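2 protein chains.
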Amino acid sequence: MTKPSTIRIGICGLGTVGQGVWKHLERSRADLQSRLGVTIELHRGAVRDLSKRRTVDIPVEKLTTDALAVATDPSLHIICELIGGTGLAREVTLAALKAGKVVVSANKALLCDHGAEIFATARKHGGHFLFEASVAGGIPIIKAVREGLVANRFKLIYGILNGTCNYILTRMVQEGASYPTILADAKRLGYAEADEALDVDGWDTAHKASILAFLAHGVWVKTDQMIVEGISKITQADLKHAATLGYGIKLLAVITRDFEANQVFVRIHPTLLPKDRVLANVNGVFNGIAVTGDVVGTTTYIGRGAGQDATASAVISDIADAVALLTTGKAPMLPEEAASIHDRGRNPSIAPLDKIRSRYYLRMTVKDEPGVLAQVATVMANHAISIASVIQTSSERSDAASLILTTHESDERAMGQTLADLQKLSSILEAPLLLRIGDFEE
Amino acid sequence: MTKPSTIRIGICGLGTVGQGVWKHLERSRADLQSRLGVTIELHRGAVRDLSKRRTVDIPVEKLTTDALAVATDPSLHIICELIGGTGLAREVTLAALKAGKVVVSANKALLCDHGAEIFATARKHGGHFLFEASVAGGIPIIKAVREGLVANRFKLIYGILNGTCNYILTRMVQEGASYPTILADAKRLGYAEADEALDVDGWDTAHKASILAFLAHGVWVKTDQMIVEGISKITQADLKHAATLGYGIKLLAVITRDFEANQVFVRIHPTLLPKDRVLANVNGVFNGIAVTGDVVGTTTYIGRGAGQDATASAVISDIADAVALLTTGKAPMLPEEAASIHDRGRNPSIAPLDKIRSRYYLRMTVKDEPGVLAQVATVMANHAISIASVIQTSSERSDAASLILTTHESDERAMGQTLADLQKLSSILEAPLLLRIGDFEE
Numbered sequence: 002m003t004k005p006s007t008i009r010i011g012i013c014g015l016g017t018v019g020q021g022v023w024k025h026l027e028r029s030r031a032d033l034q035s036r037l038g039v040t041i042e043l044h045r046g047a048v049r050d051l052s053k054r055r056t057v058d059i060p061v062e063k064l065t066t067d068a069l070a071v072a073t074d075p076s077l078h079i080i081c082e083l084i085g086g087t088g089l090a091r092e093v094t095l096a097a098l099k100a101g102k103v104v105v106s107a108n109k110a111l112l113c114d115h116g117a118e119i120f121a122t123a124r125k126h127g128g129h130f131l132f133e134a135s136v137a138g139g140i141p142i143i144k145a146v147r148e149g150l151v152a153n154r155f156k157l158i159y160g161i162l163n164g165t166c167n168y169i170l171t172r173m174v175q176e177g178a179s180y181p182t183i184l185a186d187a188k189r190l191g192y193a194e195a196d197e198a199l200d201v202d203g204w205d206t207a208h209k210a211s212i213l214a215f216l217a218h219g220v221w222v223k224t225d226q227m228i229v230e231g232i233s234k235i236t237q238a239d240l241k242h243a244a245t246l247g248y249g250i251k252l253l254a255v256i257t258r259d260f261e262a263n264q265v266f267v268r269i270h271p272t273l274l275p276k277d278r279v280l281a282n283v284n285g286v287f288n289g290i291a292v293t294g295d296v297v298g299t300t301t302y303i304g305r306g307a308g309q310d311a312t313a314s315a316v317i318s319d320i321a322d323a324v325a326l327l328t329t330g331k332a333p334m335l336p337e338e339a340a341s342i343h344d345r346g347r348n349p350s351i352a353p354l355d356k357i358r359s360r361y362y363l364r365m366t367v368k369d370e371p372g373v374l375a376q377v378a379t380v381m382a383n384h385a386i387s388i389a390s391v392i393q394t395s396s397e398r399s400d401a402a403s404l405i406l407t408t409h410e411s412d413e414r415a416m417g418q419t420l421a422d423l424q425k426l427s428s429i430l431e432a433p434l435l436l437r438i439g440d441f442e443e
Numbered sequence: 002m003t004k005p006s007t008i009r010i011g012i013c014g015l016g017t018v019g020q021g022v023w024k025h026l027e028r029s030r031a032d033l034q035s036r037l038g039v040t041i042e043l044h045r046g047a048v049r050d051l052s053k054r055r056t057v058d059i060p061v062e063k064l065t066t067d068a069l070a071v072a073t074d075p076s077l078h079i080i081c082e083l084i085g086g087t088g089l090a091r092e093v094t095l096a097a098l099k100a101g102k103v104v105v106s107a108n109k110a111l112l113c114d115h116g117a118e119i120f121a122t123a124r125k126h127g128g129h130f131l132f133e134a135s136v137a138g139g140i141p142i143i144k145a146v147r148e149g150l151v152a153n154r155f156k157l158i159y160g161i162l163n164g165t166c167n168y169i170l171t172r173m174v175q176e177g178a179s180y181p182t183i184l185a186d187a188k189r190l191g192y193a194e195a196d197e198a199l200d201v202d203g204w205d206t207a208h209k210a211s212i213l214a215f216l217a218h219g220v221w222v223k224t225d226q227m228i229v230e231g232i233s234k235i236t237q238a239d240l241k242h243a244a245t246l247g248y249g250i251k252l253l254a255v256i257t258r259d260f261e262a263n264q265v266f267v268r269i270h271p272t273l274l275p276k277d278r279v280l281a282n283v284n285g286v287f288n289g290i291a292v293t294g295d296v297v298g299t300t301t302y303i304g305r306g307a308g309q310d311a312t313a314s315a316v317i318s319d320i321a322d323a324v325a326l327l328t329t330g331k332a333p334m335l336p337e338e339a340a341s342i343h344d345r346g347r348n349p350s351i352a353p354l355d356k357i358r359s360r361y362y363l364r365m366t367v368k369d370e371p372g373v374l375a376q377v378a379t380v381m382a383n384h385a386i387s388i389a390s391v392i393q394t395s396s397e398r399s400d401a402a403s404l405i406l407t408t409h410e411s412d413e414r415a416m417g418q419t420l421a422d423l424q425k426l427s428s429i430l431e432a433p434l435l436l437r438i439g440d441f442e443e
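Note that the protein sequences, when read in sequence, are chains A and G.
Going left to right, the first sequence walks through residues 2 to 443 as my numbering numbers them.
Going left to right, the second sequence walks through residues 2 to 443 as my numbering numbers them.
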């Protein structure tokens with residue numbers, strides 16, 4: 002392997018993140034060069050529209066609309082794929098890996114959907130795929146799990162991985178306004194996309210959880226193998242009742258490993274998190290991840306999970322690793338390297354969703370008449386679900402009451418059957434809202 | 002450079018941490034070998050007393066009392082220096098580096114006192130010195146600052162770096178007991194050493210702060226170039242007044258960089274930290290570090306800062322890096338690499354301590370008579386210190402009152418002169434307690 006004295010970088014996609022990378026890399030280039038002992042060139046950029054105005058000054062002769070030409074340009078060593086999505090981004094990634102290049106990516110959707118293909122291609126052709134920016138923005142969580150905690154097996158990883166959801170839930174708590182009101186304002190301010198579904202329905206969190214699960218356990222869990230629920234049904238009543246019970250509500254990714262049964266569980270859902278947990282107090286656009294290792298115990302990581310600068314910080318740390326890799330002949334990083342060493346060869350299975358155990362919070366709008374609580378309690382008893390607490394309050398509807406139950410530990414199967422049976426009761430006026438309680442053993 | 006197919010490790014010092022490393026490394030050896038593609042041998046251990054009983058089963062033929070023989074054994078590649086202190090540990094470290102070995106160390110005192118010598122020796126002889134375990138135990142903070150946040154300059158790093166102090170302060174808050182009472186119990190339970198000075202007087206925190214300052218700014222700040230104050234004068238009254246004012250009290254290391262003046266400030270002191278800061282809620286033996294980078298913003302890291310397992314986790318992550326370094330021909334890590342790339346060649350100076358600016362908390366026991374507050378306020382006005390709040394309460398002494406002031410921002414020079422003048426007043430009955438308020442701009 003010849004070690005190049007100049008490393009040339011191409012950036013495919015010069016949107017918000019791409020421009021951030023260009024800007025900060027230009028600024029730190031001299032220092033990176035001095036540290037890494039090579040010349041670094043920001044050589045080419047691929048964009049959709051050459052004439053679009055950008056906040057960073059990029060010489061027009063460095064730009065092209067042909068992203069695949071950048072990906073396969075033989076003079077380039079590192080390709081930053083910052084296009085997003087799973088179409089052109091996948092083509093660019095695979096083409097660059099087939100050319101033996103290092104791809105640096107912030108693309109969680111691509112990795113979740115095509116991670117196995119990407120790593121197989123990298124392995125086959127001697128390419129590399131680095132993805133620090135794909136999870137939790139500027140928090141170096143990939144490096145922490147893969148390298149810093151290499152001595153550990155991970156029984157539990159849970160985290161707030163979507164800044165938009167955390168921002169909305171935080172403002173709902175602080176301002177007492179409804180979900181639709183805050184969502185509309187978040188869109189106006191640019192904190193939520195025009196099409197908010199990817200964020201608020203939990204899919205973005207699911208993509209990131211898939212990557213963390215792969216890192217920790219070496220298996221790719223697809224979103225249809227997870228529980229994925231979003232935040233759109235959370236009301237002020239839920240936030241207030243949760244607070245009364247000593248909880249905050251956060252959209253969490255929860256990745257658990259049962260070492261005896263050799264199973265991995267991944268779930269994304271709004272979670273009642275005890276107020277004394279660190280992550281219950283991580284607010285606004287911040288992300289946070291709590292990682293429980295069998296040697297180190299729980300370590301927690303908090304920071305900005307998105308945005309131009311935070312994501313650029315992560316991309317540039319991968320570029321520095323890529324330069325070291327290209328210039329020092331460091332052994333290729335195989336896909337298996339990414340997984341916790343303690344799970345190599347153990348291939349855990351992905352647990353059936355109905356086996357996932359939890360405590361539950363259940364909010365129902367019920368007819369305001371005698372006997373309703375008895376009916377509800379009977380349904381729950383029929384499925385061996387033990388009630389932990391009951392709050393009954395007035396509802397927005399004059400003919401109805403609001404009934405909030407919490408349960409002792411049960412499982413998704415029993416709760417699913419309970420929900421189905423509850424909805425058959427004529428005294429239940431709307432579909433109940435089910436939330437999980439996150440009193441995790443760390 | 003020939004790449005060895007078997008990596009042999011020697012451990013000097015098999016106390017609590019050393020035994021933890023031996024135990025967890027034996028357990029994860031097969032996985033590490035499979036991942037790293039080499040055979041790993043725990044080849045030799047050096048102890049003071051061969052006959053001492055240990056909790057891990059180490060074949061007696063692997064043990065010796067001659068640590069220097071282990072350090073220079075030509076068959077060994079990696080030496081873990083877990084002896085502690087700055088005597089034999091320094092000899093062992095320098096001898097191993099002179100033999101071109103990789104030294105993995107948890108020794109913060111050694112690094113603080115002899116860091117420059119250690120790195121110069123490593124550079125001269127082709128050795129390497131890895132020290133993830135020296136700061137914040139199992140939290141991978143060294144890797145995060147050095148690699149994960151490589152794109153950043155650090156204007157502020159502050160943290161809880163000593164678990165013993167945090168444990169004592171936490172129990173004082175929770176139990177309402179005095180410092181001497183909790184300290185005595187902490188000693189009984191093994192959470193504090195028989196000689197507690199290193200921890201409670203701030204020296205251990207200062208050693209770790211020195212390492213973080215070097216990583217972030219590339220200069221070695223000695224403890225006599227820092228403010229170093231401990232927790233032994235904190236009373237229940239201080240904790241309660243702080244809480245009333247919206248603060249918790251934590252022993253913090255605070256490392257600030259003034260980029261315009263090109264100066265670094267390092268200080269260790271009990272700090273009134275606003276209750277809404279994440280670190281104000283990091284309790285018990287946990288450590289936490291908030292790192293503010295100019296690109297990524299603030300990222301925060303929390304975990305167990307000491308103990309056999311947490312420290313072993315960090316040592317083993319360094320061993321994995323050392324194995325990668327030995328087997329892949331990765332370029333030597335120079336001392337300069339450890340420092341933030343943005344400060345290479347800029348050599349900040351260490352700021353004069355009296356220039357450090359802060360808001361202050363001042364508790365005085367004063368004569369319970371008219372005019373005292375006027376005298377105190379006059380002294381402060383003479384030094385242009387502006388009072389932000391005043392609380393006057395009864396004192397434990399019947400003839401005295403307790404006066405608590407907070408100030409607007411001032412500096413150490415003005416506060417030092419104020420303290421000297423206050424002590425000249427006959428109405429001040431005891432030396433005032435001065436604490437800093439940590440309303441840092443992150």
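Rather than coming from a laboratory, the hints here were simulated on the basis of the structure.
Computed from a predicted model, the values in this text were never measured in an experiment.
Wrong hints could be hidden among the right ones.
Copies of the same chain are indistinguishable here, so a pair counts whether it falls within one copy or spans any two.
[What the hints assert, rightly or not] Simulated crosslink set (DSS-like; lysine-lysine; CA at most 30 Å straight-line): (1) Lys53 x Lys241; (2) Lys24 x Lys156; (3) Lys24 x Lys188; (4) Lys53 x Lys188; (5) Lys368 x Lys99; (6) Lys4 x Lys99; (7) Lys188 x Lys241; (8) Lys368 x Lys356; (9) Lys368 x Lys125; (10) Lys4 x Lys241; (11) Lys356 x Lys4; (12) Lys234 x Lys53; (13) Lys63 x Lys99; (14) Lys234 x Lys99; (15) Lys4 x Lys156; (16) Lys223 x Lys24; (17) Lys24 x Lys368; (18) Lys276 x Lys241; (19) Lys125 x Lys4.
Verification of the hints:
no., hint, result
1, Lys53 x Lys241, "neither (47 Å within a copy, 58 Å between copies)"
2, Lys24 x Lys156, "between (39 Å within a copy, 20 Å between copies)"
3, Lys24 x Lys188, "within (26 Å within a copy, 53 Å between copies)"
4, Lys53 x Lys188, "within (23 Å within a copy, 67 Å between copies)"
5, Lys368 x Lys99, "neither (63 Å within a copy, 81 Å between copies)"
6, Lys4 x Lys99, "both (19 Å within a copy, 28 Å between copies)"
7, Lys188 x Lys241, "within (25 Å within a copy, 43 Å between copies)"
8, Lys368 x Lys356, "neither (32 Å within a copy, 69 Å between copies)"
9, Lys368 x Lys125, "neither (63 Å within a copy, 82 Å between copies)"
10, Lys4 x Lys241, "neither (60 Å within a copy, 62 Å between copies)"
11, Lys356 x Lys4, "neither (51 Å within a copy, 48 Å between copies)"
12, Lys234 x Lys53, "neither (39 Å within a copy, 62 Å between copies)"
13, Lys63 x Lys99, "within (23 Å within a copy, 48 Å between copies)"
14, Lys234 x Lys99, "neither (45 Å within a copy, 65 Å between copies)"
15, Lys4 x Lys156, "neither (40 Å within a copy, 35 Å between copies)"
16, Lys223 x Lys24, "neither (35 Å within a copy, 36 Å between copies)"
17, Lys24 x Lys368, "neither (60 Å within a copy, 61 Å between copies)"
18, Lys276 x Lys241, "both (13 Å within a copy, 22 Å between copies)"
19, Lys125 x Lys4, "both (20 Å within a copy, 24 Å between copies)"
Violated hints, listed in ascending order, are 1, 5, 8, 9, 10, 11, 12, 14, 15, 16, 17; each of the other numbered hints is respected by the structure.
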